[in-house]
Amino acid sequence: MTGLKLRSQGLERTRQTVRQFELPANEREQNLVGAFHLGSDFRHRRPVRPVLILDDIYTTGATVRSAAQTLRQEGIQVFGVGAIAATLKGKG
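Quick note: to get my numbering, add 1 to the position in the sequence shown (first position is 1).
Just so you know, these hints were derived from the structure itself, not from any lab.
All values reported here derive from a predicted model rather than from experimental measurement.
There is no bait here: all hints are sound.
Have a look at the derived ranges for each label pair, beta carbon to beta carbon:
| # | residue 1 | residue 2 | range |
| --- | --- | --- | --- |
| 1 | E13 | G81 | 19 to 25 Å |
| 2 | Q10 | Q74 | 16 to 22 Å |
| 3 | H38 | L89 | 30 to 36 Å |
| 4 | K6 | N27 | 32 to 38 Å |
C-beta atoms are modelled at their ideal positions from N, C-alpha and C, and glycine is treated no differently.
Kindly produce the complete structure, drawing on both the sequences and the hints.
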């Protein structure tokens, strides 16, 4: 579809976190502080082009913001986010 290569191990969790859907919106950002680091795909071969972050469910955006922050801190540009599903406003 996009011509982009999938790198499913670009990011890895550094620690277990409480499931985002179990938390109120105001606690989700804090839950993910320091939760990601570069995974084997990006440690061994850094992307030279901006990357697209894919997430399963987009609710508040906390997960993708944390992922994007980790990538940017490592010098990897992020050009967008894609999600499989999104929650309805007021439901997540």
